[in-house]
Amino acid sequence: DTGVSQNPRHKITKRGQNVTFRCDPISEHNRLYWYRQTLGQGPEFLTYFQNEAQLEKSRLLSDRFSAERPKGSFSTLEIQRTEQGDSAMYLCASSSTFNSQGEKLFFGSGTQLSVL
Amino acid sequence: GEDVEQSLFLSVREGDSSVINCTYTDSSSTYLYWYKQEPGAGLQLLTYIFSNMDMKQDQRLTVLLNKKDKHLSLRIADTQTGDSAIYFCAESHDPDSWGKLQFGAGTQVVVTP
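If you read the sequences in order, they're chains U and L. Quick note on the numbering used here: the first sequence kicks off at 419 and runs consecutively. Quick note on the numbering used here: the second sequence kicks off at 1069 and runs consecutively.
Treat the hints as calculated values from the structure; they're not laboratory data. Incorrect hints may have been included.
The calculated lysine-lysine pairs, modelled on DSSO-like cross-linking and capped at a C-alpha distance of 27 Å, are [what the hints assert, rightly or not]: (1) U:Lys522 / L:Lys1104; (2) L:Lys1124 / L:Lys1136; (3) L:Lys1104 / U:Lys429.
From the derived model, a few chain U residues whose C-beta atoms are all more than 10 Å from chain L [as the list claims (entries may be wrong)]: (4) Pro426; (5) Val437; (6) Asp481.
Even for Gly, the Cβ is constructed at its ideal location relative to N, Cα and C.
Okay, chain U solo, but in the shape it has when bound (with noise of 0.2 Å):
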C-alpha cells in the first residue's frame, strides 16, 4: 500500500478555466475526505464521501466545485470557472470506520492550485 495519492501535484491554470484534482485513496478505506489548506493556514474541511455517498458539503464549497466518488475507490474535484481566491493547496485524505476509536485521517500530499 503506497499511501493517499493526489494527481496532479501542482496546477497552474488562467482565471475562468475549469481543473480537476484526482485523489486515490487506501484501497481498504471506506471515507474519503477533502480539504483545502491557504498559505499559513491550517487545512478547512470542504466535503466528504463514505463509499460512493457524498454526506457532506462545507458551506465553503460553493456551487462551481463539484466531488464524485462514482466506484467508491477514487475521487476527483472539479472547480469550474476558477477565481484567483481558489488558489490553495487541496488535501485528499481516507480513513477506515472499522474502528471505534474515532478516525485516524491519512493525507496525500496534496494539489497545489495556482489561479492567475
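Chain U is fixed; fit chain L onto it per the hints.
Showing chain L alone in chain U's frame:
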C-alpha cells in the same frame, strides 16, 4: 463557532524539550489530534487523545489535555532536527464523522543545533 488557536512559532535547541500549546473553544470536542506537516508533504498524524483522558504518552511525545481550560499541549522530548516542521492541533466533535476536523493555523517549530 468552533475555533482552534495555536502560537505561530517555536524555536528550540536540539536535545531540549519542545512544548506546543493549543486552545479550543468547542466544549463538545471529543477527539483532539496533533498532526505534523513537513515542506511539500501532506499531514502526518502524530497522536490523538480522547476527551475523557488527561494524558497520553507515545515514545517521545506526551499529550496533555486540560478540559476545564480547553487547553491541549504536545511535548516532544529530546527534540531532533528532523522534528522541524509545522504542527497542527485539530479537534473533532461530530460522531457521524470524526474525520471532519477543525484545525488550528499551525505552529512552525524550528530546531537549531
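For this session: Assess, step by step, whether the Cα of L:Lys1124 is no farther than 27 Å from the Cα of L:Lys1136, and give holds or violated.
Result: Within the cut-off at roughly 17 Å; holds.
Exercise. If you draw a straight line from the CA of U:Lys522 to the CA of L:Lys1104, is it 27 Å or shorter?
Worked result: 14 Å, holds
Exercise. In terms of Cβ atoms, is chain L entirely out of 10 Å range of U:Asp481?
Worked result: For U:Asp481, whose nearest Cβ neighbour in chain L is about 21 Å away, the distance exceeds 10 Å, so it holds.
Exercise. Is L:Lys1104 close enough to U:Lys429, meaning Cα to Cα at most 27 Å?
Worked result: 24 Å, holds
Problem set entry | Nearest-CB test (10 Å) between chain L and U:Val437 | Its Cβ never comes within 10 Å of chain L, the nearest being 19 Å, so this holds.
Exercise. When you look at the beta carbon of U:Pro426, is every beta carbon of chain L farther off than 10 Å?
Worked result: 14 Å, holds
Checked against the numbered hints above, the structure violates none of them.
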